[in-house]
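Assembling the complex is the task here: the two chains are given apart, and the hints tell you how they should meet.
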Amino acid sequence: MELMDKLTILADAAKYDAACTSSGVDRRGGKGMGSAMAAGCCHSFSADGRCISLLKVLYTNRCIYDCAYCVNRRSNDLPRAAFTPRELAELTIAFYRRNYIEGLFLSSAVWVSPDRTTEEMIAALSLLRGEYGFHGYIHAKAIPGADPALTQRLGQLADRLSVNIELPSEDSLRKLCPDKGKKAILAPMAQIRDGITQARGELVKYRHAPRFAPAGQSTQMIVGATPESDRHILTLTQALYDQYKLKRVFFSAYMPVSDNPLLPARRDFKPPLLREHRLYQADWLLRFYHFRAEELLDETRPNFDTRVDPKCAWALAHMEQFPVEVNRADYETLLRVPGIGVVSAKRILTARRVGPLTFSGLKTLGVVLKRAQYFITCSGKMLEGLRVNPDGVLRHLVALEQPALAGHEPEQLSLF
Amino acid sequence: MDWPRFAYEYDGSFAGFLTCVFEAYARKEEPACFLTHQDGRVTLWPARAVDTDDQKARRVYRSLDRSMGLQAKRLVTYGFLTCLEERELRLWEFLRLGYERGPSVMRDLTDPRVSVLLKAVRHLTNEAHLLKGFTRFSDQGGVLAGEITPKNRALPLLRPHFAARYPGETIILYDRTHREALFCQKGNWAIVPLEQFSLAPPEGGELDWRALWRRFYDTIAIEGRYNPRCRMTHMPKRYWDTMTEFQREEHSPPAPGLATQT
Ligand code: SF4
Ligand code: SF4
Numbered sequence: 000m001e002l003m004d005k006l007t008i009l010a011d012a013a014k015y016d017a018a019c020t021s022s023g024v025d026r027r028g029g030k031g032m033g034s035a036m037a038a039g040c041c042h043s044f045s046a047d048g049r050c051i052s053l054l055k056v057l058y059t060n061r062c063i064y065d066c067a068y069c070v071n072r073r074s075n076d077l078p079r080a081a082f083t084p085r086e087l088a089e090l091t092i093a094f095y096r097r098n099y100i101e102g103l104f105l106s107s108a109v110w111v112s113p114d115r116t117t118e119e120m121i122a123a124l125s126l127l128r129g130e131y132g133f134h135g136y137i138h139a140k141a142i143p144g145a146d147p148a149l150t151q152r153l154g155q156l157a158d159r160l161s162v163n164i165e166l167p168s169e170d171s172l173r174k175l176c177p178d179k180g181k182k183a184i185l186a187p188m189a190q191i192r193d194g195i196t197q198a199r200g201e202l203v204k205y206r207h208a209p210r211f212a213p214a215g216q217s218t219q220m221i222v223g224a225t226p227e228s229d230r231h232i233l234t235l236t237q238a239l240y241d242q243y244k245l246k247r248v249f250f251s252a253y254m255p256v257s258d259n260p261l262l263p264a265r266r267d268f269k270p271p272l273l274r275e276h277r278l279y280q281a282d283w284l285l286r287f288y289h290f291r292a293e294e295l296l297d298e299t300r301p302n303f304d305t306r307v308d309p310k311c312a313w314a315l316a317h318m319e320q321f322p323v324e325v326n327r328a329d330y331e332t333l334l335r336v337p338g339i340g341v342v343s344a345k346r347i348l349t350a351r352r353v354g355p356l357t358f359s360g361l362k363t364l365g366v367v368l369k370r371a372q373y374f375i376t377c378s379g380k381m382l383e384g385l386r387v388n389p390d391g392v393l394r395h396l397v398a399l400e401q402p403a404l405a406g407h408e409p410e411q412l413s414l415f
Numbered sequence: 000m001d002w003p004r005f006a007y008e009y010d011g012s013f014a015g016f017l018t019c020v021f022e023a024y025a026r027k028e029e030p031a032c033f034l035t036h037q038d039g040r041v042t043l044w045p046a047r048a049v050d051t052d053d054q055k056a057r058r059v060y061r062s063l064d065r066s067m068g069l070q071a072k073r074l075v076t077y078g079f080l081t082c083l084e085e086r087e088l089r090l091w092e093f094l095r096l097g098y099e100r101g102p103s104v105m106r107d108l109t110d111p112r113v114s115v116l117l118k119a120v121r122h123l124t125n126e127a128h129l130l131k132g133f134t135r136f137s138d139q140g141g142v143l144a145g146e147i148t149p150k151n152r153a154l155p156l157l158r159p160h161f162a163a164r165y166p167g168e169t170i171i172l173y174d175r176t177h178r179e180a181l182f183c184q185k186g187n188w189a190i191v192p193l194e195q196f197s198l199a200p201p202e203g204g205e206l207d208w209r210a211l212w213r214r215f216y217d218t219i220a221i222e223g224r225y226n227p228r229c230r231m232t233h234m235p236k237r238y239w240d241t242m243t244e245f246q247r248e249e250h251s252p253p254a255p256g257l258a259t260q261t
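Which chain is which? The protein sequence lines are B and U, in order. Numbering that gives the first Met the number 0 applies: residue 0 is where the first sequence begins, and numbers increase by one. Numbering that gives the first Met the number 0 applies: residue 0 is where the second sequence begins, and numbers increase by one.
Simulated from the structure, these hints should not be mistaken for laboratory data. C-beta atoms are modelled at their ideal positions from N, C-alpha and C, and glycine is treated no differently. Each hint should be verified, as a subset may be incorrect.
Calculated lysine-lysine pairs in the BS3-like style (CA-CA distance at most 25 Å, straight line) [claimed, not checked]: (1) Lys72/U <-> Lys27/U; (2) Lys362/B <-> Lys345/B; (3) Lys362/B <-> Lys118/U; (4) Lys345/B <-> Lys72/U; (5) Lys369/B <-> Lys118/U; (6) Lys30/B <-> Lys118/U.
Among the chain B residues that face chain U by a calculated CB cut under 8 Å, a handful are [stated by the list, open to error]: (7) Leu2; (8) Leu6; (9) Asp11; (10) Tyr15; (11) Lys30; (12) His42; (13) Cys50; (14) Tyr99; (15) Gly129; (16) Thr349; (17) Thr363; (18) Val367.
The shape of chain U in the complex, shown without the other chains (with noise of 0.2 Å):
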């Protein structure tokens, strides 16, 4: 069954990504590429423009674990939120398996429309792992605020861990990747696009923990065991840019060492 192939141009949302699925699979046609509006790439395929509309997204959104299990509805889901290349075609070849076997297709791990998902989705929950330790907030007035750049989108993933450790705090955690940011408050929260985000320097207090946790970060490690490839591999130079411990304020001594050793 060969469908005629068509560029399909949706907001680059995930219910506006459904609701092509949804399109695709009543038209009989096969997505050849997913463009976003703002997208401007030109493509030889013939266009099909699709409004998000959430009623046609929840029907698809529903079959998923209908149709394929809970495990290929989380696959597609989060790999909606990855930085695999092409990631709403490689998820449409996905379903269109998934809706074909079932549920058995999250155990065909060696069939590459499977594997490559469930590489990217890998990806995607380790960076947000990696993240829940290496995000840094600053009290600005009260509020926590810190800013992330992560290659996938992973302030979903970071939204209930950080909901379930600060209960009584105001959170902003901006990605800057992805222009968007995540407010926490009270457990309410909104993950909100937002083109311009900067944060204010420190001052007063702030400036004393700070310094006291650089202290503690050069303190800690054992001169004798000097590895900073090692360092590297665990915690790679890309995070560094957003991490207090390698940050200098102008003011703040340089640690003196290991003035304390014999």
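The following block holds chain B by itself, in its conformation from the complex (with noise of 0.2 Å):
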């Protein structure tokens, strides 16, 4: 088979993955060739507006599961196809040197056995960090129920590792994906995690101690092919954060793929692209605005307001809170101010050391003042003429939104 016809079959085979940042590590380049980024770095947008950061593959798409998600399992019928370790390296180095990527995002179906197919990533990435001397970006997909060496070896190669959970809930996982289970997922995890953290302990020691998935680890999961909650879905990711040190749990809006009684029917089937935006802007609140799930969702509130974002909701709760007075509020306050984020609160408090903040001086700052207007002083008093009732408050919100939120189509959604 033609490289190009492979290339289409495995990048069209790992496309429903949502993970495509590059970000977490920080690294010159040596001899060989290749850096990396803390921050990540874009290279390209798709069609879709996602971002093109990596060469995202799969090693192959023959799968012996039969997960009822997935494009790839077993009993599709569509066609099938495995990179040899070779023509991986040299497509990874030919698209790194004219810049197209950062580097690789290496997934994989499960082909003869978990053990087998990392053994395969292994050769694979053995070829391209030695004899190829690369030292850009790779993210490797860990396969449950592999050999924890072999886990080991491949944690090794890469600078980040994945698991992912598939589906939000156990219930879910069973029904829908009986060759896994939620002890198959957790235990690499729990593995990869330990790794993490043994690793960095050594490199404090020793220099050239060996390193194990320096970009720390991540997961995915389908958002809307089961029944759970938002909150369910959000106190499930803030676990993964406190108990097995994530560094990004992934949403993926359910596309279509599959026939099964047990998921929704492809006819007329919208991916729930607003609530996966949505679960994107409380899992943002969860990792930079010190915020827990629980802040943001209960019983009595089990799913995200379409209408506004989660800190709008949040703060629209809690007016008792309101207005902040932005000449004296600590960083933590302003943080919680709807449109105020971590870099306007930065400069807030620089700026503020000089003298007193008015509004016209936040605008200077490059405060956005829609949002935060209705939830601050500044030196006392609100912005002039400015009249506030909490419905008013909410109709102004809402109002900001709509153009984003028109129609809920894909199309006309501006995701992120």
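As structure tokens, this is what we get:
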């Protein structure tokens, strides 16, 4: 089979994985080729608006399993292919030299056995790191059920490892992918977590200690294929950050790829892109804004408001904590104001050391007041001419989101 | 202290600009505008022609972190690379303020003389960050060659990045907007003015890798999430011109769409 055909099949098979970042590790070039930037780097954006940072492919799409929600399931009739380690290494190097990509994201269906699949991936990555001297970014998928020694080896070659949790509950997992259990997924996750902690500890002691997934671990789950609430998903996400020390949790709106009666009917199904978007916004609040899942959603409100973003929704439910005085509020408090982000909050702290801030001063700093104006005072005063009652604020905030939400069609939805 | 106003004329280089700053302070003059020799703009102010003097430039440059700190020095150096209108004048105003206030000038984010530069520099660093990803190279007889069309002069910011990324390669990156080229080879580098530059048409293996990349690009998008507007916000159209995925060679066959989907 020609390389062009293999690439087409194996990129098409990998495209539903949401993880795309090349972030988390800084590495200046050595001899061979390549470097890595902690901030990550997008090399292109595809027609669906998603970032392309890595050559995202499966090693093979030949699978012994039959997960109902997956295009590559055994029972699905579609062309199958596999790379050879050399083909994959040459493709990566050629793309990398031309600055098409920041590195490789290698995942795989389960071919013959989890061990055999992992061995193939190791062979490809060893060739790339060794013979081709590649120092760019590598994200590899650990295969649940593989021998821990093989997963260990994979982690020494990759910058980031991930194990996909796939579905947000054990119940759904049992129904839709009977071959994999929660245990099979969580075991490698825990192994990777411990491997990372251990390698970090050793690196402090000896400079040449072997590295293990220095850019950390991530996972992904499919949203909208099964009945879990946003609250369930966000609580699980938080637990993954707390207990498994994950760097990122990715959400992927379910794309209808099957007529299995346990899944939403394929006809007229709209992927829940807005819901995915809200989950990413909430995830952001967990990671950078010191929010806890239980502050954002509870039994009475198990799902996100579709009309306003989670931070606005939280603020509207806690109006007793507002308005906040920008000249006195601490960093944490500023971060909770809708419309004020990490950058704005830091600028406010810097600028107010020189003198008291006014609304026009905030604008000069680059703070966007559209949302924030309802929640702050400058030296005790609200923005002049602004009249607020709680209903009015909600209406205004909803109106601000309208353009982004028009029609809920993927085509008009502006993600991220 | 009202200093008499002059139109400062210099060669357009950073050292030249710093020499102007030196002269203005030495002569107690207020530059009313800055002109480069080729500018041909007519002004009402008496002209002050300044010859670039490396000694004087260096003295001003060294005074920057001493009197207003490293951050301010970076702001001035980067500020000179931006496409901010009348950037020399904006830099001059900032320098006056900085020499007077010292390092605390960098905290005064609401002063327009500071904020206008900060904003322009953010524009520059953002553009350079995007270009670290959006730049495309072609293999031309073993040399990696590429072209960009940035609004700001991004080459000095891109240089360390690409040098670390391709330690063993020879690179030529041409900035069409500002007509200058970056050359890098084995740790040596230079950024030089270059009036004319054009890439040779791709051939041989280069054509194959390009076709493979375009195929990957077209395949990786999920049809059911098609969202061209979102793509455009992340990757404005003005970058597309020099990106391989949007260039079509005569003979490359079109992608077969989603032929592998059931
Ligand atoms: S987080 Fe978004 S922008 Fe950043 S690398 Fe990933 S896809 Fe690109
Ligand atoms: S094991 Fe992976 S590739 Fe195979 S069917 Fe399940 S999800 Fe798909």
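Status of each hint after checking the structure:
With a C-alpha separation of about 22 Å, the suggested pair Lys72/U and Lys27/U falls inside the 25 Å cut-off, and the hint holds. For the given pair, Lys362/B sits about 14 Å from Lys345/B by alpha-carbon distance, which is consistent with the 25 Å threshold. A distance of roughly 12 Å separates the Cα atoms of Lys362/B and Lys118/U; the hinted pair therefore holds under the 25 Å criterion. Only pairs whose Cα atoms come within 25 Å are accepted, and Lys345/B paired with Lys72/U is accepted, the gap being roughly 21 Å.
As the CA atoms of Lys369/B and Lys118/U are separated by approximately 20 Å, the hinted pair is consistent with the 25 Å bound. At most 25 Å may separate the alpha-carbon atoms for a hinted pair to count; Lys30/B and Lys118/U exceed this at roughly 37 Å. Interface restraint check for Leu2/B: the shortest CB-CB distance to chain U comes to about 7 Å, inside 8 Å, so the restraint holds. Checking Leu6/B against chain U by beta carbon gives a least distance of about 6 Å; that is within 8 Å, so the hint holds.
A distance limit of 8 Å between C-beta atoms decides the matter here; for Asp11/B the minimum to chain U is near 5 Å, and the interface restraint holds. For Tyr15/B, the shortest C-beta to C-beta distance to chain U is roughly 7 Å, which falls under 8 Å, so the interface hint holds. Here the hint on Lys30/B is kept, as its CB sits about 7 Å from the closest CB of chain U, short of 8 Å. A least Cβ separation of about 4 Å between His42/B and chain U falls short of the 8 Å threshold, and the interface hint therefore holds.
Interface restraint check: Cys50/B against chain U, minimum CB-CB distance 7 Å, threshold 8 Å, status holds. Annotation: Tyr99/B was flagged as interfacial toward chain U, and the flag holds, the nearest CB pair being 5 Å apart, inside 8 Å. For Gly129/B, the shortest C-beta to C-beta distance to chain U is roughly 16 Å, which exceeds 8 Å, and the interface hint is violated. Proximity of Thr349/B to chain U holds as hinted, the smallest CB-CB distance being about 5 Å (cut-off 8 Å).
The restraint placing Thr363/B at the interface with chain U holds, with a minimum CB-CB distance near 5 Å, inside the 8 Å limit. Contact between Val367/B and chain U, as hinted, is not supported at the beta carbon level, the nearest pair being about 14 Å apart and thus beyond 8 Å.
When each numbered hint is compared with the structure, violations occur for hints 6, 15, 18.
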